[in-house]
Amino acid sequence: MRPLRLVITTRRFWPAVGGTERFIANLAAGLAARGALVTVLTIQWDPSWPAEITYRDAAVVRLPRPEEGFFGSRRAIRNLARWLHRHDGLYDLVYVCGLRDDAFAALGAAGGRVPVVLRATSSGPLGDCLWQLNSGFGRKVKRRALKAAALVGPTATSYRELVAAGYPRDRAYALPSGVPLPRPLDPAARRAAREALESVNPLLHCPPGVPLAVYTGRLDDPQGPGLAVAAWRPVADRWRSARLWLIGPCANQPELNRRIEAADLVGRVVIPGAFADVEEVLAAADGVIIPDGDADAPLLLLEAMASRAAVVAIDSPDNRALAGGGRFARLVPPGDPRPLGEALVELFDSRAGAERRAAAAREHVGREYGIDRAVEEHLALFSSLSQQKRSPVRS
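So the sequence shown is numbered by the working numbering: it starts at 353 and just counts up by one.
Mixed in with the good hints there might be a few duds.
What follows is a set of in silico ranges between Cβ atoms, one per label pair, in the way DEER data are often shown [claimed, not checked]:
no.	residue 1	residue 2	range
1	V618	D409	38 to 48 Å
2	P532	G678	45 to 55 Å
3	E547	A516	46 to 56 Å
Just so you know, the hints here were simulated from the structure itself, not pulled from any lab data. Small disclaimer: the values here were computed from a predicted structure and weren't measured. The beta-carbon is built from N, C-alpha and C at its ideal position, and this holds for glycine as well.
Can you make the complete structure from the sequences, with help from the hints?
Dropping the structure here:
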């Protein structure tokens, strides 16, 4: 029997960093490990990156980086469509990350011949479904997206938005993302993780025995990390040497530094940058802060819970659902640093209770959101659609 030949399109892939990037990398590797022939189509964001590589048995093809703006967007659409046309007959299904430009290109180039599956990568005011509603080109994309073989909502919110936007229920699937379950931690492993990180980056020095929290998420919008900085003030008042690391891509360094200086937290709140793999960072932490409003927040929350770190998450529908309504992570209201600061002080003050919640969270993630389960569910859907060979809907 011929192996399933899959193309996954994603704007950002390893070594680009982020929760979605890590999930797609793990998904591609997991599908390849199960016998699928996987090709990841992405963009060559750095000219020094090779145009083609192999990543954990998945082929990776990097298309030329387009310039910014309208013409760059159109060129990216043409590049993707041309690749799919040139390789016609060499793939059985296309999985597209996002319901925007790449979805338009893939459905136009391949939708009449093989199943095209679309994955909603964002939800809410800046999400895919509202973009389709509010953008002139978005409405054109939606007309074409209605012809997709299937649509995947990785979170409860994104799935509901797909259905509310008018996509057929029989082609909308709730397929949660999954994360690897790292090795269990003990105090010695946490100390070793801190020492290893400090040896790589002196900014990550943390005095022995003091609380350490990690904020993980995008840092370009200072609202989320700025809230964490303001919330750290009562923690620093209680434990003078306590450390907060702001981990994530696209840091708005000048604005965040200004807020750190204004809060008199220089040296106690640091911005070490982004990590392709956050496992060791989470292993070093006593607590993890998860934002809301970040497209990657649900995945970041799952990664943190899997690490068995105690988690404080900003309340949102997706964070609440994944955290079991507060059973597996402490939830605090958005926009106010005071309850976040109080939750962090309580977390560091009551380690036993935090440890019990963290252990339950890890078990929950392993049972419901492991990467193996996510890979198997995706593979079952892709295999079924490929075998069905849906008749194309022509415009």
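To see whether the hints hold, each was checked on the structure:
1. Look at V618 against D409: about 45 Å separates their beta carbons, and that is inside 38 to 48 Å.
2. In this structure the supplied range 45 to 55 Å is violated for P532 paired with G678, their Cβ-Cβ distance being about 25 Å.
3. At about 49 Å, the CB distance of E547 to A516 agrees with the hint of 46 to 56 Å.
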